[in-house]
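S.K.: Below, each chain spelled out in residue letters.
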Amino acid sequence: MQNNTVVITGIGLISSLGEGADAHWQALNGSAGPRIDSETFKPYTVHPLGEVDWNNQIPKRGDQRQMETWQRLGTYAAGLALQDAGIKDDDALCSTMDMVVAAGGGERDVTVDTQILAEARVRNDLGTMLNEKLTTELRPTLFLAQLSNLLAGNISIVHKVTGSSRTFMGEEGAGISALDTAAARIRSGQSTHALVGGSYNSEHPDMLLGYELNGMLKADGWAPLWQREGTSGGGIVTGSGGAFLVLESAEHAAKRGARVYAAIDGIYSAQIRRKREDLKETIAKLVGAASADRPAGLIVSGATGAHGITATEKAALDVFASAAVRGVAGRIGHLREAQFPLAVGLAALSLFHGAVFPPIDAANEKAASGGLDTALATSIGATRGEGVARLVKV
Amino acid sequence: MSKYTDHLGRPLVAVTGLGVVSSLGQGKEDNWAALTSGTSGIHTITRFALDNLRTQIAGTVDFLKESDEGASALSEKLASLAAEEAIAQAGFDTENFGGPLFLAAPPVELEWRNRFALDALVKSEGEPGYDLLLAACRRGTQEAMFHTTEFGYIAERLADTFGTRGLPITLSTACASGATAIQLGVEAIRRGESDRVLSIGTDGSVSAEALVRFSLLSALSTQNNPAHKAAKPFSKDRDGFVMAEGSGALVMESLESAIARGANILGIMRGCGEKADDFHRTRSKPDGSPAIGAVRAALDDAGIKEDAIDYINAHGTSTPENDKMEYLALSTVFGERISTLPLSSNKSMIGHTLTAAGAIEAVFSMLTIGTGTIPPTINYDNPDPAIVLDVVPNVKREASVSAVLSSSFGFGGQNTCLVMTAEPH
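From first to last, the protein sequence lines are chains C and L.
Numbered by UniProt numbering, the letters in the first sequence go through residues 1 to 394 in order.
Numbered by UniProt numbering, the letters in the second sequence go through residues 1 to 425 in order.
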């Protein structure tokens with residue numbers, strides 16, 4: 001079996017900070033605070049998307065209409081990643097490219113749902129009423145616009161990535177597994193190049209409801225990521241965005257003269273039973289394994305903000321004293337399935353620039369100086385799933 | 001190429017455990033008896049009201065306590081029953097399986113009954129809508145409802161129940177999902193990540209809303225009466241698929257490790273192939289090239305030529321589009337021989353089990369290899385003259401089958417094919 005080096009050659013990011021790897025690097029190095037909206041979904045706060053010209057990456061209006069926002073975000077970020085890697089519109093490379101997408105479900109039709117809830121209050125024949133409303137009010141193509149694997153389907157249609165198409169589900173864990181699987185396939189020679197990532201639309205009440213059923217959203221405005229314990233609600237502030245990466249074997253990248261951001265050296269994952277196993281110990285073990293032979297100068301944390309879990313992660317990371325920790329949800333919000341691809345992308349970007357970006361929460365994150373040759377990225381799921389990636393400078 | 005490796009020097013992957021649940025029943029024995037006798041599990045839906053619905057039939061699994069508890073609970077139960085059967089057959093500890101889990105599961109959402117229940121908590125407080133549902137949540141968490149909306153929940157429960165190892169993978173490639181779960185398992189064994197894996201496809205998601213969604217895409221048969229005649233793959237009067245539920249589970253191991261522990265080898269998962277389609281969200285590229293590519297990729301991966309295939313377990317959904325496209329793809333790959341090569345669609349009897357289909361059909365394919373019985377395509381009364389196939393019409397057939405191709409195609413351009421063979425001697 002082969003043991004290829006896996007490198008990142010394309011980073012496609014879109015979020016409240018803007019679009020593109022450069023825009024994100026500049027924003028993270030700039031002095032502006034996070035972009036937030038605490039009004040639209042009051043009492044919840046989200047990190048909203050700025051103005052996006054979808055035509056940049058999804059040229060056909062017909063395609064745009066067939067997608068809900070999360071699919072558009074993902075398709076857009078995928079296009080950015082392909083462009084960044086110099087693969088976009090290269091038929092030979094796209095048609096042989098593997099794809100693993102981490103996806104949730106799409107957004108429901110708020111108007112139809114509201115109508116049904118209203119009818120339900122005045123009708124006793126709920127089943128009949130539901131059929132009446134669903135058959136007459138649902139937009140036929142909405143199903144596809146909210147179907148999990150149709151983000152990948154749309155990427156195939158818009159960007160012609162057709163080597164393979166797999167969609168992983170399961171919140172943060174999906175993002176961890178997607179990167180792990182794509183990297184493992186390249187490392188072993190099962191694949192030469194792959195597109196991996198996900199997207200999330202925070203600006204939709206159904207998405208908020210998914211968290212709030214379990215009381216997980218921060219309900220009293222924004223606060224820095226590491227300072228949310230004890231605040232009202234559950235601590236999570238979600239963000240809209242998408243994060244896609246192009247992974248290649250080093251050989252494949254070199255052959256086509258691609259620019260390399262960093263190498264993914266290893267991905268360490270787990271899913272413990274949090275009610276009976278120790279999360280802090282697990283995180284420490286994963287980070288320890290990822291930095292066993294050389295300490296990392298940076299840990300890009302994908303911490304969600306969820307009460308308890310986030311504090312536990314911070315406590316575990318603080319043990320690794322040489323590393324500067326950056327909790328990116330404090331700036332971009334939590335992107336659920338896309339959180340790990342986002343954190344890995346920002347770690348790769350930091351290695352490429354050879355520098356750690358300034359603290360996001362200066363009271364809890366230390367400044368860093370000097371060069372950078374090893375960085376970790378974490379995603380510790382709000383409910384389950386734990387992952388750490390180790391990236392190294394190439 | 002040693003006894004334990006394939007044409008590329010990779011570990012051969014043995015299947016040592018199979019489990020299945022469908023509308024035909026629970027377990028391999030009941031399912032196989034019904035399937036080979038040409039029995040249909042399609043029936044008039046009783047789970048929800050049928051008023052205003054053009055399609056009123058499905059292959060739902062109605063015999064479990066969880067059958068009326070929503071998509072998450074039923075999908076979990078179906079997966080759990082199939083997995084338990086497969087692990088027990090393989091002879092592993094059903095509480096400490098010790099290998100990774102690959103689960104094809106349907107996307108889940110908060111069910112209407114729960115939306116109504118949330119609204120009932122707060123309806124005196126204002127106009128109905130998401131604001132109020134969110135307000136209801138702020139009064140107190142709804143953990144049980146929360147679980148039903150989490151995509152990772154079913155796999156977590158299964159991982160806990162069966163003691164699988166590591167972070168389980170939950171996946172969806174639409175109607176190819178079950179095959180993808182198997183493919184991921186095969187790849188993990190080939191990479192040497194584990195000597196055993198558990199791959200499951202499960203789907204218990206038939207609800208009014210799910211049915212309406214497919215109905216609005218004109219994907220479903222509306223020939224409600226008689227229900228058991230509705231699914232008629234490759235027939236001239238086929239008019240759509242029939243939604244169905246079920247689960248298929250496979251325990252796979254490296255052949256070397258299976259033989260070393262003295263396991264009973266049921267067959268070899270020899271090759272997997274896939275190719276995505278970039279043509280349209282629900283329609284295939286007219287030249288069939290992605291499906292053709294997936295079939296060829298599976299044969300190449302298996303290291304066998306098309307003339308070695310003895311039987312095709314077709315995707316055969318009974319939609320006008322799929323069956324035509326599948327015929328185009330298969331006739332392109334197999335040439336003249338396709339008209340005499342036995343091929344059948346399990347969906348004529350169990351319906352389209354969606355996320356589970358690829359896994360259930362792999363289980364049935366392995367049973368064909370093991371028993372030498374090819375299940376029929378039932379309801380084949382009006383052959384489509386444009387599709388010249390030996391569909392094993394209406395009655396099972398005994399044959400020596402040592403290599404099977406199983407195909408799965410799905411919305412979103414998903415095409416995945418599997419090649420299964422008998423144990424090499």
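Calculated from the structure, these hints are not laboratory results.
Predicted, not measured: the structure shown is a model, and the values here were computed from it.
Just to be clear, a hint being listed does not mean it is correct.
[Claimed, not checked] Restricting the straight-line Cα-Cα distance to at most 30 Å, the calculated cross-link-like pairs of lysine-lysine (BS3-like) are:
#, chain 1, residue 1, chain 2, residue 2
1, L, K65, C, K160
2, L, K236, L, K324
3, L, K236, L, K123
4, C, K60, L, K396
5, L, K305, C, K275
6, L, K3, C, K160
7, L, K236, L, K285
8, L, K305, L, K229
9, L, K305, C, K133
10, L, K65, C, K133
11, C, K275, C, K285
12, L, K285, C, K60
13, C, K160, L, K324
14, L, K396, C, K42
[What the hints assert, rightly or not] Cβ-to-Cβ under 7 Å is the rule here; a few derived chain L residues that face chain C:
#, residue
15, L53
16, K123
17, S124
18, A144
19, L171
20, E187
21, G412
[Stated by the list, open to error] Computed footprint of chain C on chain L; a stretch qualifies when at least three of its residues, placed anywhere within it, have a C-beta under 8 Å from a C-beta of chain C:
#, segment
22, 13 to 25
23, 86 to 98
24, 151 to 163
25, 272 to 286
Cβ coordinates follow ideal geometry from the N, Cα and C atoms, glycine included.
S.K.: Hint by hint, note whether the structure agrees.
M.R.: Verification of the hints:
| no. | hint | result |
| --- | --- | --- |
| 1 | K65(L) <-> K160(C) | violated (45 Å) |
| 2 | K236(L) <-> K324(L) | holds (10 Å) |
| 3 | K236(L) <-> K123(L) | violated (52 Å) |
| 4 | K60(C) <-> K396(L) | violated (49 Å) |
| 5 | K305(L) <-> K275(C) | violated (51 Å) |
| 6 | K3(L) <-> K160(C) | violated (40 Å) |
| 7 | K236(L) <-> K285(L) | holds (22 Å) |
| 8 | K305(L) <-> K229(L) | violated (36 Å) |
| 9 | K305(L) <-> K133(C) | violated (52 Å) |
| 10 | K65(L) <-> K133(C) | holds (29 Å) |
| 11 | K275(C) <-> K285(C) | holds (18 Å) |
| 12 | K285(L) <-> K60(C) | holds (18 Å) |
| 13 | K160(C) <-> K324(L) | holds (24 Å) |
| 14 | K396(L) <-> K42(C) | violated (62 Å) |
| 15 | L53 | holds (6 Å) |
| 16 | K123 | holds (6 Å) |
| 17 | S124 | violated (10 Å) |
| 18 | A144 | violated (9 Å) |
| 19 | L171 | holds (5 Å) |
| 20 | E187 | holds (6 Å) |
| 21 | G412 | holds (3 Å) |
| 22 | 13 to 25 | violated (count 0) |
| 23 | 86 to 98 | violated (count 0) |
| 24 | 151 to 163 | holds (count 6) |
| 25 | 272 to 286 | holds (count 9) |
Hint compliance for this structure: hints 1, 3, 4, 5, 6, 8, 9, 14, 17, 18, 22 and 23 are broken, all remaining hints hold.
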